[in-house]
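Here's the letter readout for the chains.
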Amino acid sequence: MNGKKIVPLEFEQPLLLLAQQIEALEKQLADNPNAELETDIAQLNEQYIHLKRSLYANLRPIDHLAIARHPQRPYTRDYFERWDANWVEMHGDRQGSDDPAMVTGFLQLGDFAVLGVGTQKGRALRDKQQCNFGMPQPEGYRKALRNFHHAEKFGLPIVCLIDTPGAYPGLNAEERNQAQAIALNLRELAGLTVPVVAVVTGEGGSGGALAIGVANRILMLEHSVYSVISPEGCASILWRSGDKVAEACQAMKMTARELFSLGVIDQVIEEPLGGAHHDFDFASQKVKAALIGQLTELTLLSGPSLKDDRHRKFRKMGSFVEAAV
Amino acid sequence: MDLKEWFASRRKSREAMQVKQPLTTEEYCALWTQCFQCRELLYTRDLRSNFQVCPKCQYHFRIGADQRIEQLADPDTWQELFGNLMSSDPLGFVDTDTYPNRLIEATRKSGLREAVVTGTCLLQDTKVALSVMDFGHFGGSMGSVVGEKVTRLIEHAVEHELPVIVISSSGGARMQEGILSLMQMAKTSAALQSLHEAKLLFVSILTEPTFGGVTASFAMLGDIIIAEPGARIGFAGRRVIEQTIRQKLPNEFQTAEHLLKHGQVDMVVERTKLKDTLHGLVKFHKRKLVASAKAESREQIAQGKVSSRQTR
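If you're matching them up, the sequences are chains A and B in order. Heads up: the first sequence begins at 1491 in my numbering, then just goes up one per residue. Heads up: the second sequence begins at 89 in my numbering, then just goes up one per residue.
There's no promise every hint is true.
Stated by the list, open to error - Quick look at which bits of chain A chain B covers, simulated, 3 or more residues with Cβ under 8 angstroms:
1. 1538 to 1544
2. 1658 to 1668
3. 1715 to 1723
4. 1746 to 1755
5. 1800 to 1808
Honestly, the hints are just simulated from the structure, not real lab data. Positions of the beta carbon are idealized from the N, C-alpha and C atoms, including for glycine.
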């Protein structure tokens, strides 16, 4: 990631130890060349590659969560900049505020001129605070809604990038009606006659994520997660204990592959080995390709059938038993 | 008096004595209810006839779906719909207990199959589609069945051109159904989008307590939003907000009156006046609907598109 050193995650420790060992041996080798040492290093290197592969192939849900929350993971602005260096940002909800946690703007995605909408977590500390750690205020959702209507008016397809722990749970947010802001977005998104594609790029946190996620197609990056409540919240409510987060992650089925097999999402997008933070360009290329693929299909549909398609998609969601009366 | 008679009279007098026995605590409690707010002892039968509202301090007791329907629907007009839907366990969810066990326990406690009851009824002779949530069943949480029943009721209303009334009382989404619960927010909102397009009235009534995914979907999408006095309504729970902003919240925060002050609900209506208010609103909007339909048909006649016999 941009030449900076990547912060390792807890479950990556064994890999890190092995890498350190190899490094130490290589130093020794440089000081006094030795054929035996050389074969040892070659063996260790082989082991390293093997371990890396098996480690990332057998991630637990909580490891996916750790990758999804990695502080160096690419955020909405990183994607937008890579897709279109000349993208134009649109500010404000026209009602008195501009929420930096929600980014909206126009960009060229391959052959498509689209409205881009996404939550933004912020990189440096001040940036993070301004963005509220990616938790939008009601104004953020209203800003998105204003732009959805703009896209509807001018027939622009909509691309939403979701990476948020959830809508901001604060006193002011409540008083300015966070719930209504989300609810209105759900209803209005359902009624649009332009294609809407949503991608969960990191954390998909509850209603705050869904408020920009009522789409014709929902895609997820390989290591991203999407859930009804944060695993911490789930653990504290159901287990009444803060240290059952791993169990909560497991029980809620929140990883991309599990949600794909549940039929909730439509496509899983491959990430570079170890996660999107290892290679921004690779990740953004993959997401772009997936989006273009989906948009190419969706633009074949007429406006009303796009709306019907969205209605049908969410109408099917849910699992229940219909007993004989 | 022969021996037989003597035994008979003895049995009788015993039975008579048993009737006069003092009430057990359980029976005593069923007769009297203490108000949670003003601590006044209330005769349960009086409380019931007063819509479970304390006559002294106007405290609104939490009530179940059955009582709610009894209070609103005209007698013998309630027709339940989609009552045969039951939850399944799509994720195989286990926390400290399994989800199916928790469902059985919830049904045992509430006597209901699910946290919402849906159907149609007459409201002072006007037919409406009514959906009532019950906090007593699984905390009123919204899982697949709650979402499905509300959605089906809305679709039923669109088909039969009925006004919809939804009485919410819920802790939010049902965690045990994971992402599928979250998707119910989108499902119900999408159905309301169709209702909105059909220009049918939707009245949302918020009662103690309404939170989370229910507030952030259908509950806040009412054309008219009514709250019950003292009800706590919000998106995030009080504890979560206190932890986030690291300060204590004022007492009146997230109450119906507080929401009214901040422009989030149209009115706060006491339970004793709810039926009249609802009826007034439904009737008012029905008149408009009929008027617009008449105007439309007049236009069509003027344009010569349809013969007058075909119009209403």
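Okay, the hints, checked on the actual structure:
1. Judged by the Cβ-Cβ criterion of 8 angstroms, the region 1538 to 1544 of chain A is not covered by chain B as claimed, because only 0 of its residues qualify and three are needed.
2. Taking a C-beta to C-beta cut-off of 8 angstroms, the region 1658 to 1668 of chain A contributes 10 residues in contact with chain B, enough for the three needed, and the coverage statement holds.
3. Taking a C-beta to C-beta cut-off of 8 angstroms, the region 1715 to 1723 of chain A contributes 5 residues in contact with chain B, enough for the three needed, and the coverage statement holds.
4. For a cut-off of 8 angstroms, the count of residues in the region 1746 to 1755 of chain A with a CB near a CB of chain B stands at 3, and the three-residue condition holds.
5. Coverage of the region 1800 to 1808 of chain A by chain B holds [criterion: at least 3 residues with CB-CB distance below 8 angstroms; count 6].
Consistency with the previously given hints fails for number 1 only.
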